[in-house]
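So the sequences go chain by chain: U and F.
Note that this note's numbering gives residue 203 to position 57 of the first sequence, counting from 1, and the numbers run on in steps of one.
Note that this note's numbering gives residue 907 to position 160 of the second sequence, counting from 1, and the numbers run on in steps of one.
I should point out that these hints are in silico values taken from the structure, not numbers from a laboratory.
One or more of the hints may lead you astray.
Label-pair ranges, simulated between beta-carbon atoms [said to hold, decoys possible]:
#1 M1003(F) - T359(U): 29 to 35 Å
#2 P1061(F) - K354(U): 43 to 49 Å
#3 Q1197(F) - A169(U): 51 to 57 Å
Listed next, the stretches of chain F that the computed footprint assigns to chain U, with coverage defined by at least 3 CB atoms under 8 Å from CB atoms of chain U [unchecked claim]:
#4 1072 to 1081
#5 1104 to 1111
We treat Cβ as the ideally placed atom computed from N, Cα and C, and that holds for glycine.
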Amino acid sequence: MRILLVEDDHEAADYIAKGLSEANHVVRHAADGNQGLDEALEGGFDVIIVDRMLPKKDGLSLVEVLRSENDQTPVLILSALGQVDDRVRGLRAGGDDYLTKPFAFSELLARVEALGRRVLPIEAATILRAGDLEMDRLAHKVTRGGIELGLQPREFKLLEYLLKHAGQVVTRTMLLEAVWGYHFDPQTNVVDVHVSRLRSKIDRDFDKPILQTVRGAGYMIDADAG
Amino acid sequence: MLVRLFRTTAFRLAVLYLVVFSLLAAIAFLYVGAVTREVVNQEIDQEITEEIATLRRLVPDRNLARLAYLVEARSWRPGASLYLITNSYGEPLAGNVGWVQEATLEPDGSQAAVVSYTQVNPTGGVATERSARVRLYALGQGFTLLIGRDIGERDALQRALDDALKLIVFGLLLLAVISWFILGRAVLRRVDEVAATSKAIADGDLSRRLPVGKSGDEFDRLAESLNRILDRLLALGTSLEEVSANIGHDLRTPLMRMRHRLEKIKTGVENDVATSRDDVEALIDESDQLIRLFDSLLMIARMQAGSSQISLEPIDLKVLLSDVIELYEPLITDHGFDLNLALDTEVNLHANRELLAQLLSNLIDNVLKYGCPTEGDRKPVLTLTLSAEKENALITVCDNGPGIAEADKKRVFDRFVRLEESRGTKPGTGLGLSLVWAIVAVHNGRIELQNADPGLRIVISLPLLR
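Based on the sequences and whatever the hints tell you, model everything.
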């Protein structure tokens, strides 16, 4: 993906850019808000990462201008301000996702890739597939290898989110946000337990596991499994 | 010192009182004087009118000789009024008035005037000039009768009043100066006391307190308020020391662990790549833990700074509690706990959704970590109850574990406090309950720790939506 990174801290920018390049993305770096806005308006990026605190023009203003120019490029906001209200403000300014510093790089990568993926067709799709697992979103039915799996509503939502992001890493925080709608820090592996229950339902009795654990990052549904 | 005295409120007050009282006293005296004068005048007029009436009665035909005779007779009685009958040339014919100042009196008795006169002195010699209030009556053929009364007494009274007024004003002035001086100094002395103590406190001696007298006046009240503030500052200072001491251990420990691991990596356990990777991952976990710890501290500090920073919205507690329980249910079950829920009441209030979720999360975490029964073979139970009182919503989290000792109950809400039994054995920042306490405070609620016998019951009450 082509990614624009607007970040004034050079060490942080190097670290992020390097990590993203190693994940086979092309990164362009702007060191202040004005430069970043110019680059963003030129277009051609799949995802824009914007730091909230920037010289010359702060991140939120940049996003607001971008949106007022009808540019809908997905934006991920990075910020040291981590309270819920800060997050809300960031999203209201036009950001699509919000990550507080310090963050795990895997978290950043997972979210960036989730944003960059053109999700639209997936949003509309009524049938989601991964390998021989099939989810009918309208009928609320999940089958694997033709056998119907009995999932609880929450497990269904969990699986749905993972399937929507099939092939991408989904972090625990992303799951907590998307499936439960909460941003607090649970201190324990609350999400993990839900995932392992789901796994026991969709993978245990089958040969090829679809739900993978990505060490240090989160989970992923292998789209090509089975 | 004198200049300072001028600048005091006592001085201003003294001047104010002086001016006000002087004004009032002057008004009072002037009023009394005027009224007195008026009363005396009316009395005199009344007497004159009566005299004339009597004389008319006694001399209905206006016989001049008879009139003169009567007037003479009356003139020499004690306490007599003043009489004078003159002919058309102004020569005195009868009466006790020797000389009268020329006055433009209408000889019809309608007007009264104040004139100077002298009385006829029966023993001869010079008579003193006095004042009288008189009326003039025409007797026909140019003869006039003057009747009046001396008003010297009235004037004497007037002068006495004036003197009294001057005396009082002077006395007030003197009193004002003295009281200003005394009061001013007394006030300045107290102010100096406060200033000296404040300076000592500002210089660092937080144990000093302002002297409080027994009078309960505004100075005492001020001193008491300030002392309370100082108590709180001292408590904050003490808690800061405690926190520093705790931080000393609780933050340094993970930092030391991280440093050791980094050193280990540095001295190169190169042949064992897997170990190295474990070390690195453990390092990342430690630093995540530290970040979490700092975030918690930051959140606590932010909430203690003021609840205006937190946004509140109407929340259905039943929904929130159900959500969080649903999130934790697998974990609770995996830990072997039974779950008892009593969430039947719908309760709405103004709250911050994320903070409440965090609060519950911390409490449930605590139950899972510390609420497991240690003796006997009780099955561990976690009970969550939602109910509403008149004005408050009540959230109760209860376990049947070892509970908390009475002595520890106050401490557990302090930052970084971990009770001895769990230190070093279970992971934790020691901030869980501090955060819970701060969240409850920000919602203007209350939290109470009770013995569930066995176990611990935590009762949180939050004010309801109005």
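key: Unsatisfied constraints (hint numbers, rising)   = Hints that this structure does not satisfy do not exist here, as all of them hold.
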